[in-house]
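**Q** The lines below spell out each chain.
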Amino acid sequence: MVEKGTSLLKMMEISVAEAEKRTGKNAVNMQETYTVYLIETSVEHIIWTNPVPDSLWRRYSEFELLRNYLLVTYPFSVVPPLPEKRAEFVWHKLSADNMDPDFVERRRVGLENFLLRVASHPDLSSDKIFYSFLTEENGWKETVFETGFQAKADSRLKALNATFRVKNPDKRFAEMKHYGDELQSVISQLLRVRARAADRLYGVYKVHGNYGRVFSEWSAIEKEMGDGLQSAGHHMDAYAASVDDILEEEEHYADQLKEYLFYADALRAVCRKHELTQYELEMAAQDLTSKKQQREELATGTIRTFSLKGMTSKLFGQETPEQREAKLKMLETQIEEGEELVKERNAECEEFVKSAWVDIERFKEQKDHDLREALISYAIMQISMCKKGIQVWNNAKECFSKM
Amino acid sequence: MSAMSAGAPRSLASSGQKSIQDILHPLSAEESALNPGSAAEKDLILPNGTPVDTSSPASSSSLLNRLQLDDDLDGETRDLFVTVDDPKKHVSTMETYITYRVCTKTTRTEFDLPEYSVRRRYQDFDWLRNKLEESQPTHLIPPLPEKFVMKGVVDRFSEEFVETRRKALDKFLKRVADHPVLSFNEHFNAFLSAKDLNKRQGLALLTKMGESVKYVTGGYKLRARPVEFAAMGDYLDLFTQKLGTIDRIAQRIIKEQSEFLMELREYGPVYSSWSSFEEDLHDPLEGVSGCMSNCSSALEELTEDMSEDFLPVLREYVLYIESMKNVLKKRDQVQAEYETKLEAVVFREDKKTPVPTDVEKCQDRVECFNADLKADWDRWENNKRQDFRQLLTGMADKNIQYYEKCLAAWESLIPVLQDKQEAEGETS
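If you read the sequences in order, they're chains X and D.
Letter 50 of the first sequence, counting from 1, is numbered 50 in the numbering used here, and no numbers are missing.
Letter 41 of the second sequence, counting from 1, is numbered 41 in the numbering used here, and no numbers are missing.
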């Protein structure tokens, strides 16, 4: 329905409008409570100006399924991440409970963001499974499994976790992988310290609330000073209360950082995949070389490579010319096949490098833009916080001066 | 006063037939011009001819109270100006300490010269305050900054600490100088004028009132504190409580801010290390790091200021209130002695003999003490109001300055963050 290369988002509006709690029986027939999210889509019509949006409900696990499918099907793409499964890097007043309404709300925003990212990706947005995720409520899960991606998923996971050494990796990918590692490490650190700082900031503001109470009590035993003290106390209460909004806004900044923390993982996965394809190419090439060598030895009669067959023939006597002929023929076939394989794998490798690098460059630009925006909005938040602080203390100062 | 006064208490000397407005301030310079002899004798004489014994604070302050003069002398009638400045460090083999210059300008005849400049150290101020408390027990003596500072916690020779102390010492002397009775105290005079403060001089200069109050033993029990003094006592108790709470809150805030500062100090540098492996984002990230560093410094200043300027003043007041409660207790003692002796006299056999002078002297003391205390209480209330207005506005100011510094830092960062975008906008 969508041409490759254009983004779905240009033709369709997508949003995750609501979240709802549901209860039902799970796979092991036990009662469970879970949250579903309402996905609304509306396609631009030439005729109708205000189309009624289509909508369907999806759970987080279905989003996960979609993403896993995309990871396997588009290994050369930096696949957008989902919002975190469990609340992490929380400062203590914020709930780590998945059922907490604030967490659910932040997740809703994160899921919408995920869909928008996929829908604006040049390759991912034209995917059929993605389209049906947005439009077909029933039977979507079966459709996904029918693609047989599960088998590929398992082998992919295995490959990603395996250790192997690549002799000639593309330098750019090696650098990108290193960048991904560093990015992940630094953002984790940032989120950790930020959470601790948020905790402390909360304490500073809240303790000022105690001034409110003591000024009130003190004003009761004063004559002329009473009024000024009492009103100043109110301002101290307002100051203490203002921290809740401040920290809620900051949580949004943390979410933006988290997205790129998880993006770093996706980036690393692409680099790993490159290593894998490169490795398989190198393995095939190595195998071909060794087979060619064997043929040469067999043809010239010299044994350069050690082989058990060679040893046994030495011990038990040389093979007959017919046996040698048969072996040579087998080797020739194998060499032919091997050369095909190397050609195939080489093409795969080149293809992968080309596509992956395009998407990595796209990702780099997106990352630079998004993070810069995030920093700007963070600075704006801090400015707003400072201005509020100045206002409150000026108000208090006025009250004090009237004491 | 006790309801059992069978004999009418002897009233004090009256100011005569003149209206209050027409009577010159007995301590003003003009008075001594009218009575040329008095200047030399250092004795002031009332308009009606009664000599005023200025060495006895009791009579002069009660006189003032009856004349209902405003205790706050404005610039025109003020004749004594004192300042504390120019702190200097002195290093000797035994110790290192700070001295302050105390400058005096005066037209008072009690002083030999019109100007003085002496150097005094904290010990000397402490000595003065003790002497004032001893010799003027019916008055409220202004507070000194705290004596003891924990070595290692506070740097006694840092500019900030010395300046805070100097301001407090200056306020102390100014309050004494503005007090109509304390400012005439001979210990105060010696403090301001003597080249070397011989601290043993003290004993000889104890005033009559001081002597009399000193001899009041704790053996007498007071039936009931008069309402107005009971109200003072109650107020002081409650006020001390509130000050204690405020002290705890302020300390807690400083602690939380310090812990926040610690996290900030770790937070900022992470942005810096991030910038080291970014290209396009290098400058913005580095900028954020620098900005946080500025905010950290501003926060550090705030907590230091609160520690150095705010907390000490609270603690001075708590000590001050303690000394005031002691004055109230002494007053109770003087009253108790009077009531006990009066009771004994009331039930004496011979009702015809006049009230013994001993009892009359007690009554005198009670009335004087009460008058002094009431006058000083009003002055204290005024000063307290000023002090706390200043203290709390100061606290608000410090917080405003902190936020203003942070605001400036973040606002100057915005163009750095937006930099590339503008360039992109131009080329696109």
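No wet-lab data here; the hints were simulated from the structure.
Everything numeric in this text was worked out from a predicted model, so none of it was measured.
Don't take every hint at face value.
Some chain X residues well away from chain D (every beta-carbon gap over 10 Å; in silico) [to be verified]: (1) R117; (2) R194; (3) L276.
Derived EDC-like pairs: lysine to aspartate or glutamate, alpha-carbon spacing no greater than 20 Å straight-line [what the hints assert, rightly or not]: (4) K206(X) <-> E278(D); (5) K367(X) <-> D283(D); (6) K177(X) <-> E275(X); (7) K398(D) <-> E398(X); (8) K88(D) <-> E163(D); (9) K177(X) <-> E278(D); (10) K388(X) <-> E278(D).
No residue lacks a Cβ here, since even glycine has one placed at the ideal position from N, Cα and C.
**Q** Regarding the pair K177(X) and E275(X), is the alpha-carbon distance no greater than 20 Å?
**A** Given pair K177(X), E275(X) holds - Cα atoms ~10 Å apart, limit 20 Å.
**Q** May I ask you to check that R194(X) keeps its beta-carbon over 10 Å from the closest beta-carbon of chain D?
**A** violated (6 Å)
**Q** Verify the proposed pairing of K88(D) with E163(D), using a straight-line Cα cut of 20 Å.
**A** holds (11 Å)
**Q** Has the given pair, K367(X) with D283(D), been kept, meaning a C-alpha gap of at most 20 Å?
**A** It holds: about 15 Å lies between the C-alpha atoms, which stays within 20 Å.
**Q** Far enough from chain D: is every CB of that chain over 10 Å from the CB of R117(X)?
**A** For R117(X), whose nearest Cβ neighbour in chain D is about 19 Å away, the distance exceeds 10 Å, so it holds.
**Q** Is the Cα-Cα distance between K398(D) and E398(X) 20 Å or less?
**A** Status holds; Cα separation ~14 Å.
**Q** Run the distance test for K177(X) versus E278(D): straight-line Cα separation, threshold 20 Å.
**A** holds (14 Å)
**Q** Between the alpha carbons of K388(X) and E278(D), is the straight-line distance 20 Å or under?
**A** Roughly 33 Å separates the two Cα atoms, so the pair is violated.
**Q** Between the alpha carbons of K206(X) and E278(D), is the straight-line distance 20 Å or under?
**A** Between K206(X) and E278(D) the Cα gap is close to 38 Å, so the pair fails against 20 Å, i.e. violated.
**Q** Would you assess whether L276(X), listed as outside the interface, keeps its beta-carbon beyond 10 Å of every beta-carbon in chain D?
**A** Non-interface label on L276(X) holds, nearest chain D Cβ at 25 Å vs cutoff 10 Å.
The structure fails to meet hints 2, 4 and 10 from the earlier list, while all remaining hints are met.
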